[in-house]
Amino acid sequence: MTWALPLPVVLPLLAAAVATAGDHVLPRRAADAIAVVGAASSFAFALVVMLESERHVQLHWFGGWKPHGDAAIGIAFAADPLGAGMAALATGLVLASVLYSWSFTREGARPYDVLLLCFGGAMAGFSLTGDVFNMFVWFELMGVSAYALAGFQIKELGPLQGAVNFAVTNTVGAYMILMGIALLYARTGALNLAQIGHGLAGHRPDGLVVLALTLLVCGFLVKAAIVPFHLWLADAHAVAPAPVCLLFSGAMVALGLLGVTRCYWTVFEGAFGAEHAHDVRAVLLALGVVTALVGAAMAFLQRHLKRLLAYSTISHMGIVLVGIALLDQKSLGGAADMVLSHGLLKGALFLCSGIVLLRFQDVDELRLHGRGRELPVVGVMYGLGAVALTGLPYVGTYLGHAQIDEGATLDHIEWVQPLLMLAAGISGGAILRSGARVFLGWGPKQDPLLSPEPAESSPEHDASYPALLAVTAVVLALGLVASVVPGLGQRVEHAAGVARDRTAYVDLVLHGIQRPAPARLPFVVEPTATESLLYGTGGLLIAVTLALVGLYRRRLPDAVRAPVGAVLGPPARVAKLVHSGVIGDYVMWITVGTAVVGGVWAILLH
Amino acid sequence: MSFLPYAVAAWVCVVGLYGIVTSRNLIHLALCLTITQSSTYLLLLAIGYVKGGGPPIFKGVKLGTTTVDPVVQALTLTDIVVSVTVIALILALALDVHKQAGTIDPDEIREMSG
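Protein sequences appear in the order of chains A and B.
Heads up: the first sequence begins at 1 in my numbering, then just goes up one per residue.
Heads up: the second sequence begins at 1001 in my numbering, then just goes up one per residue.
By construction, these hints were calculated from the structure, which means they are not laboratory data.
Heads up, none of these hints are tricks.
Restricting the straight-line Cα-Cα distance to at most 30 Å, the calculated cross-link-like pairs of lysine-lysine (DSBU-like) are: (1) LYS1099/B - LYS576/A; (2) LYS155/A - LYS576/A; (3) LYS1062/B - LYS1051/B; (4) LYS1062/B - LYS66/A; (5) LYS66/A - LYS1059/B; (6) LYS576/A - LYS445/A; (7) LYS155/A - LYS1099/B.
Hey, can you work out the whole structure from these sequences and the hints?
Here's what the structure looks like:
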């Protein structure tokens, strides 16, 4: 079935080309149909590739240029279940986005659909490729489509500012990746991931390898919106149309973390794995925990619904990075499960915010106070999504949380679990608070704590609400049940195991030796540890408590309010100042962050 | 192999980043981004350089003639093509920013912060 491997990438790009070529010839409905067919067929083949890759890692050499000796001459797609799963998630979300946009974006739809298709093809290509320079090319194609989509409403200043910030920061990230690739090529003479990993394995890492690791990891972390590389994300999400936010939050940022995973396990693990794994882990773990907490706290300070959801995405990406940083199979599986369930749930929440924007021409929590009662179904979906993101047992993101918790216990890093519970609780509380205020009219209409936001308008006025609700409901339902799909946990752990197995990957790509297929994977929902149940329930309790405190904190006695305000007020003001919206500051933080990460690794890894 | 091209690449990269960080004009900022980008060309070409090597054109050349590494040159070309798109997009956005706000100073366009 290796002929199917390039299709998730080729089909949407082909559909984009046909739609562009026929722009002035085709009737409107035909162009729409081409977009839907392109997205749907891409998703279907991504699913086929994913199911096949669970038995054997899929390999396709373009033009039949197979490796000669230990040297890869051509470019390969190599789909392991983790990458193929990511491609399936990304293309599936593109399909949801195209269907949602069908009834949402009325004017100028053609370039919009074409951009969505290019974006989808690039994300699938990034997930499936086995060549590091090819990764860079997909990364840039993904970037260019995404910048254009973020700034799609060029009649307003906000989208323009968001798109410029997004484009410049991510391009700087891309150049860091390219420099890292150049250094790896200088050392190994290879661009194929397997060949680079094979070349570096067993040699003592020196300055060049550490620098290449830093540049590649930090470049991918810009895309993944990890603190301090995260500043662009809230600007880009706040201004992009809701179905585009679905793709940004659900798939694009997670691809940055897939890049980190590939980089470490396929390329650098052979050089650092033996004695330095805990140093790599320490830095990534610190970045992940800080991101989870900072993102959650910033989410709590927002009143613009999409901006609030964007900061909660940053927090969840921190949690995913923790799962990757623990460097064990169970946690990596947990990270992948988290990406899946978070992508669907957060996507559904963004789609809800899109319906709110369409109805009220506004997504400001305070100005919308109580007006959401007109949209009870959207309110229910918004609430369910918020609850499912807290890690409540057997709902939504729980499976990912439980696997990361168990991995942390196995690694004897127990301090990380309560912090992750806290982060999920705070960001869940922020979403619940905004939902309660908008859809139930709870709490006061004024809150000086929350950042003021300019009004936003949606250029579209008429849309088919049942269609929007149906797409949102399907995405939400898939996210809600992600933790109780029989066998999903074990299959994802198997995928994580394959992604970590560098020698098997090298054997397959360079020498064509296929490992035997695994025995049938179990088809049950495994019980989780008691402490995971407690952490999950705790996350929901924190979320509900914080949501109520956020709404009704004036009713608290002064003796409690004054000291808490004195302690938390100054850091909150500093955090708001840092998120300045000025592009120069953002690039400064990226530069400083890279220098610090590189410096720490230079000291630790020598 | 000389150390100099690598030092120049690092220097050009830092100069470009400094320009982006301090920029008060979006067009200037886009140009600084291309300067940062040129450091990647320098780095790639320096890596592929072979002492005494000719251009990697193999038509009508005797077998065994030393040439520089053609792979990095291909990478550089791809890099140029990909990045031109990004720069074009940023310049187009700058144009629209000027239409909407009457300024292209990134410090003055603060629709969003916090």
